[in-house]
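Given these sequences and hints, build the entire structure.
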Amino acid sequence: MDMLVMFIEFFKTGLFAIGGGLATLPFLYDIADKYEWFSRDVISDMIAISESTPGPIGVNMATYAGFTSFGLGGALLSTLGLVLPSIIVIIIVANFLNKFKENKIVQASFYGLRPAVTALIAIAGVEVFKESILSVEAFKQTHNILSLFNLSACTLFIVLLLINMKWKPHPLVIIVIAAIVGVVFKF
Amino acid sequence: MKKRGKKVDFKLLLELYIAFFKVGAITFGGGYAMLPMLQKELADKKKWTTNEDLLDYFAVGQCTPGVIAVNTATFIGYNLAGVLGAFVAVLGMVSPSLIIISIIAKFVTQFSHLEWIQNAFSGIRVAVAVLVLQAVIKMWKSGIKDKIGAVVFLITFSVCLLFSFSPVYIVIAAIVFGIAVKKFFTDKNNNSEGEVK
Chain A
1 MDMLVMFIEF FKTGLFAIGG GLATLPFLYD IADKYEWFSR DVISDMIAIS
51 ESTPGPIGVN MATYAGFTSF GLGGALLSTL GLVLPSIIVI IIVANFLNKF
101 KENKIVQASF YGLRPAVTAL IAIAGVEVFK ESILSVEAFK QTHNILSLFN
151 LSACTLFIVL LLINMKWKPH PLVIIVIAAI VGVVFKF
Chain B
1 MKKRGKKVDF KLLLELYIAF FKVGAITFGG GYAMLPMLQK ELADKKKWTT
51 NEDLLDYFAV GQCTPGVIAV NTATFIGYNL AGVLGAFVAV LGMVSPSLII
101 ISIIAKFVTQ FSHLEWIQNA FSGIRVAVAV LVLQAVIKMW KSGIKDKIGA
151 VVFLITFSVC LLFSFSPVYI VIAAIVFGIA VKKFFTDKNN NSEGEVK
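As they're listed, the protein sequences go chains A and B. The numbering of the first sequence is our numbering, which starts it at 1 and goes up by one. The numbering of the second sequence is our numbering, which starts it at 1 and goes up by one.
Mimicking DSSO-like on lysine-lysine, the simulated pairs with C-alpha atoms at most 27 Å apart in a straight line are:
1) A/Lys-99 x B/Lys-145
2) B/Lys-40 x B/Lys-11
3) A/Lys-130 x A/Lys-140
4) B/Lys-22 x A/Lys-168
5) A/Lys-101 x B/Lys-47
6) A/Lys-186 x B/Lys-106
7) B/Lys-138 x A/Lys-130
Computed far set for chain B versus chain A, every beta-carbon distance over 10 Å:
8) Asp-9
9) Lys-11
10) Leu-13
11) Gln-39
Hints listed in this document are in silico derivations from the structure and should not be mistaken for laboratory results. On a predicted model such as this, the values are computed, not experimentally measured, just so you know. The C-beta atom is built at its ideal place from N, Cα and C for all residues, glycine as well.
As structure tokens, this is what we get:
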């Protein structure tokens, strides 16, 4: 029964996450809040894992949630839930590909959709930022604005941002640097 | 373009599975990063599709629900071998993820209590914050072309920051808004053009 609920949740994610890449992210946070399958922390870890292993994050997250909750069968079922809407929609679209691309309504929907999806992912970014750089607990205890910021994490954030802007390395490089800094400086 | 026969061609299905398994196994990051890979494997080597068709699949894959990689696999699999071909291609594409993540999931649950692993992931989360910020900037540049777009972004952002909504409603509202605005403006433009003439 729980497996069926998980299938439906990932089916919904597959159906409404439009635009690829991190578009599944807001849906994954929504699932994390509603169910016990994985926590918000795990999503951040999964972004890193997805950037450093092959495969899209949506598929990876569905696999992870299914596997940890219900084993290999769960992994297969939740991944199927995620990809099924794509398969159905594309098979329909494949029959009138050119009309679909030039359709005014399709183009008009994207006019509203793109900024909204960008905002949704930005919200997900705020979550990641809160978890990784701010120490809300310490702030609640001391009420000192300085203690809100985890200084070493802030420094790492700025350095990584600069590296990223200057050399545009593969995401894997950024992740490996961050992991080493985390271990060496005991984050 | 469509070579769908009545008999099930198992050899072709196996070839499809293996080709997409390969693509799935070596494309990191997804999205446009995998386009060159698809071009090499599917257009140059297998001649299953052309570079132009691939670009079309990508464009449509971006504006239909779901993961772009999966959408592209469905297109090619369906055109070559029908509905079964679509499923086989997608299965090939997601198989590497299924294997790798299942192993990682096992590993993470067994070793996650180790201190150095926790430290590594705390560091990695900072990197993730950088990567997400970069993705947002990229999307802003490609998706927000005018003031209305920026306003939609700001409203969605503030509403989601203050209240927790299911993203499903946001997506539906944004689509309806887009259609409404475009309809309103094209009608207005048509009218004003009419007046000028």
